[in-house]
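Q: Residue numbers (the numbering used here), protein chains in the order written: chain V, 1 to 351; chain A, 1 to 729.
Among the clues, some could well be false.
The calculated label-pair distances, taken between Cβ atoms and stated as ranges, are [as the list claims (entries may be wrong)]: (1) A:LEU17 x V:ARG66: 47 to 57 Å; (2) V:LEU196 x A:ASP418: 37 to 47 Å; (3) V:GLU156 x A:GLY70: 38 to 48 Å; (4) V:LYS185 x A:ASP418: 53 to 63 Å; (5) A:ARG9 x V:ARG58: 48 to 58 Å; (6) A:ASP481 x V:ARG58: 47 to 57 Å; (7) V:GLY184 x A:SER114: 38 to 48 Å; (8) A:SER114 x V:ALA8: 21 to 31 Å; (9) V:LEU196 x A:PHE658: 28 to 38 Å; (10) A:GLY385 x V:GLU305: 49 to 59 Å; (11) A:ASP169 x V:GLU305: 22 to 32 Å; (12) A:GLN192 x V:ALA8: 43 to 53 Å; (13) A:GLU729 x V:ARG66: 39 to 49 Å; (14) V:MET1 x A:GLN192: 28 to 38 Å.
Covered by chain V, according to a simulated footprint, are these stretches of chain A (three or more residues, beta-carbon under 8 Å) [as the list claims (entries may be wrong)]: (15) 648-661; (16) 666-679.
If you want a taste of the chain V side facing chain A, the calculated C-beta under 7 Å gives, among others [to be verified]: (17) ILE145; (18) PHE309; (19) ARG320.
No lab work stands behind these hints: they were computed from the structure. If you're wondering where the values come from, they're calculated on a predicted model, not measured in any experiment. C-beta: ideal position from N, C-alpha, C; glycine also.
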Amino acid sequence: MRNFSYQAVERVDSAVARHTEFATSAFLAGGTTLIDLIKLDVMRPEQVVDVNRLPLKRIDLLDDGRIRIGALVSNTELAHHPLIRARHPLLSAALLSGASTQLRNMATTAGNLMQRTRCAYFRDPTVPECNKREPGSGCAALTGINRLHAVLGTSEHCVATHPSDMCVALAAIEGAVEVEGPAGKREVALLDFHLLPGDTPEREHALEADELITSVVLAPHLDSAGAHYLKLRDRASYEFALASCGVILALDGQRIGQVRIALGGVATKPWRAFEAEASLVGVVPGRESFEQAARLALAHARALEHNAFKLPLARQAIVRALETALDDAQGGMSPPARSDTGAGSPAGDSP
Amino acid sequence: MTVEALNQRTARIDGELKVSGGADYAGDHQLPGMLHGYPVVSPVASGRLERLDFDAAMGAPGVVEIIHGGNFPRLNRSPDSMAEENKVGEVRLPFEDDQIHYHGQYLALVVADSFEHARAAARLVSIEFSCAPAVAGLSSAGEGREVDDEAVTLGEPARALAAAEVRIDAEYRIATEAHAVMETHATLASWQDDRLTVYESTQGVVFHRNALAQVFAMAPEQVEVIAHYIGSGFGSKLFMWPHSVITCAAARLLGRPVRTVLPRQWNFANTGHRPASLQRVRLGADRDGKLQAILHDALNETSPVEAYSDSCASATPSMYACDHVAVTQRIAEVNHGTPTSMRAPGEASGNFALETALDELAVELGVCPVELRRRNFTVRDPASGLPWSSNHLLECFDDAAGRFGWERRDPTPRSMRDGHELIGYGMATQSWSAMRKHCTARASFLADGRLSIATGTQDIGTGTYTIVAQTASQLSGVPLDRVEVKLGDSQLPAGPLSGGSMATASTLPAVAGAVREAIATLQRLSIGEGGRFEDAAPSALEFRDGRLWHGDESASVAELLQTLERGSVDAVVSTAPGDEQKRASFRSFGAVFVEVRWDPGISRLRVARVVSTIDGGRMINPLTAHNQLEGGVVMGLGMALFERLEYERDGRLHNHNFADYIVPVHADMPEIELVTLDYPDLAFNEFGARGVGEIGLTGVGAAVSNAVFHATGKRIRELPIRLEALLEE
Ligand SMILES: Cc1cc2nc3c(=O)[nH]c(=O)nc-3n(C[C@H](O)[C@H](O)[C@H](O)COP(=O)(O)OP(=O)(O)OC[C@H]3O[C@@H](n4cnc5c(N)ncnc54)[C@H](O)[C@@H]3O)c2cc1C
Ligand code: SF4
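Bound-form chain V, shown alone (with noise of 0.2 Å):
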């Protein structure tokens, strides 16, 4: 841990302006992420800017069916909203079956968007290999133990995981994060704001420097539609997805009216599975079809030296969470959370 100057701010416009003050200033939200990495010596901010006295703390839900979050709203908070439940049960899962309850206490919105990866490359700055942490110096992961490594969207500088569960659910529902900085406010689709790695897989998101996340903007739900967000993972609970699938499944009489389907735990940013989801639409659902687009999905999928399983494993994560919601749809009304998180019993991820 390095010395770093501390700011409590209580205004968006003050927190933006102290934060220009340092060449490296990092806001501090719950902290989960940012005091972690600081105490690993990964992040080393010059100064850190708490918002948490922000006013950013609110679920609206908009006139035009769109519901606002503020970067603040804590993953607990917000999973257990009526307002969430009710009409985005998805995102309720997802976030439930993340981290810990503890965890969820602490984190929030905006921090959930903006958590890093768990790379253990990345984590240790004694592996002097990582381009993520240090621009231009190596992948170590290409040649080391990458099990729980990216299959899509990486690159030859970097195949780190996005670990969030939260983001994979918010990547099916779409909707956009609105930012504040030194340029004043604007909008950054929710789809645009995690970049891939490409050759700079030290820039992971859209923001601009100095740029604060005020708010999530969720677009309005899909009627009647079924959902599921399935998570595989190594342990039961507490730990991150090898592999996870979210799924929004909307029918049209005996045919599939509109579906979503995103992924995690595979890829270097929450990931959409459009030509999936297309070759979906208008067919009448059944196994075959559901594994069709599960192929799809993965088609341009890169394994590495230990993660070849995690193609077949995303596959049926796609599988059954598209014959759950299909199940969720047909069962009509849109039910509290359903949620399979790999637990023995739900208990262990409830509050």
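Given the coordinates of chain V, assemble chain A with the ligands onto it according to the supplied hints.
A: Same frame as chain V, but now just chain A with the ligands:
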């Protein structure tokens, strides 16, 4: 004396202190003027240290000194003797040479005025080294060398194997496992002239004291090691590790107390681990399943600086009725930190291999796995030729199988289903040897009427404080809350290590002896001159319910002492095992049954139920005993499905933290039903207790892998079983 009353579920007497934060662990202690140590460690697994540059670090805020090979005092290696009770985890002294043997090896200790300053400065030390090729793991370590005194041969195993009608020959692998203790290792050392006081998280204050005395060339009496509470050890805290020596030396060099709380990640490198193992088991049997030959050859990793043998096959000759048995043990050097005992050392690993091989034999023969084990039950210990002191394994099979519902098992793999899930049933025999060591205890009746017991063993969280109090209360009639127990200090009368499931059997006889002796002394004094019952006949006195009775008249301990004008009456008694080991073999047994559920559609394996029935002698405190057994099952599930210390191709540690080293969490926990048969083993000690710290873990790995075979039809011979081993497409 009515021993039955001991057999009570009794909540830990130190429980309140622990949950309220009042229990003082090694790293909690502060001393005036105390400094903080933070280690600088090798970033590579093999090579030579060329140079350490301390310029930046020495100039960092708060830094007082950096301890390293250049300023480290000349010390002595400990003789490393179990018999002399100075065994250490690693004999090599810190900074002894510039050879780098493993990732995480100590190169220096930064000492500063705060933990944060020491840590920040440690990162500023620049390390120049040259790399050498590393042996990264057991699979590239070759055949290693045989551990001579561990080979056992009964009969003519090779010939019997060749002649057998049915044979099994298979290899089993277990990954390196970490103890993953919750309380990190910690040392606080302070010197007063030529006396050394050390707060250490240790499972053996006496061993630790003796080892330090050897290293610093002092008399044991000059060293005091204190460990009032320990946040689990699982074997990693049995024997001294280098951080303790470095910290003591630093404190002496600087003339101030120094505390080193080992960073979490270096607990994974420098304080032992269960070594990776590779085992070959060959079984020969006749068509009825009677075992004709057992050949069990084990290989475990050790470090370049220590010849650690895990003795994986040591229990094999004792397990079943078989006249032809051969076991061997080899060790191979790997550039990893030094391994050490980890809960049920050796036997947990060996059991996995043997009990999985037996399942394979059962499948081959088409015999029920329980029936196969019954047919090979042995009424005496084939290893020693002696009868068992007390062995109710057959009842364990019946009891556990009944509770589990084993009769519902359709032996055909993949035949039992529930929705998406395939159900598998598996079982294994559990076992752990019974050991007992010498122990000295002091019992003191105090002026306020309390009874104080002191012995230099320690409570590693298992409940030793409580069972000592129960025993003293039982024998004296002094209520439990009026019994004080002092443990965890090497100045106390010497007690045993907390390891090997022997603390109970070793400690309680000494405690009982001391209490009885104290009562006798109190009686003797009370009929002597100036006593409460002066001149009464000894036979007319009775000590009951914490009072001394003479006919209808009685006096409390406090009154007796007041009359005698004494502050206390003490007795010190030593006990040791007798020659019972010449007459019988002592071993605990059990049976564990596991139900797994495998969802092939999403490659999800989970353990749904565990039932285990244990014949472990009498349970002094069923509450803490069951807690130990349950903890053993949890750790066994960790071994079966989760735990695996990973190393890079060049031998560096990869997952040396609690995020990446996966231990089971609550959500992984199945229903666990535990039964103890409670037959006292009175030939072993007067309380009939054998100890239950480790047996719960044994058998779980095999029972899980056998259940996995039943569920999936796949025989997995490697632990942990990860989903990619089972994935079906
Ligand atoms: C042990 C452990 C297990 C976990 N398991 C899971 C899991 O299974 N699934 C999962 O999805 N997540 C998991 N997480 C991650 C967790 O969800 C994130 O750490 C958390 O969401 C981060 O939120 P925070 O508010 O604590 O962010 P902080 O740590 O405060 O900040 C994280 C980053 O976001 C930046 N930031 C914060 N607020 C803003 C803002 N308003 N505008 C711009 N930048 C901002 C910070 O500067 C920092 O870079 C786990 C974390 C831990 C420690
Ligand atoms: S995968 Fe990315 S984060 Fe991991 S080592 Fe490579 S560059 Fe760094």
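Q: Now tell me if each hint is right for this structure.
A: Each hint tested on the structure:
no.	hint	in the structure
1	A:LEU17 x V:ARG66: 47 to 57 Å	holds, 54 Å
2	V:LEU196 x A:ASP418: 37 to 47 Å	holds, 42 Å
3	V:GLU156 x A:GLY70: 38 to 48 Å	holds, 44 Å
4	V:LYS185 x A:ASP418: 53 to 63 Å	holds, 54 Å
5	A:ARG9 x V:ARG58: 48 to 58 Å	holds, 51 Å
6	A:ASP481 x V:ARG58: 47 to 57 Å	holds, 53 Å
7	V:GLY184 x A:SER114: 38 to 48 Å	holds, 44 Å
8	A:SER114 x V:ALA8: 21 to 31 Å	holds, 24 Å
9	V:LEU196 x A:PHE658: 28 to 38 Å	holds, 31 Å
10	A:GLY385 x V:GLU305: 49 to 59 Å	holds, 52 Å
11	A:ASP169 x V:GLU305: 22 to 32 Å	holds, 31 Å
12	A:GLN192 x V:ALA8: 43 to 53 Å	holds, 46 Å
13	A:GLU729 x V:ARG66: 39 to 49 Å	holds, 41 Å
14	V:MET1 x A:GLN192: 28 to 38 Å	holds, 34 Å
15	648-661	holds (count 6)
16	666-679	holds (count 5)
17	ILE145	holds, 5 Å
18	PHE309	holds, 4 Å
19	ARG320	holds, 5 Å
This entry satisfies every hint, going by the numbered hints stated previously.
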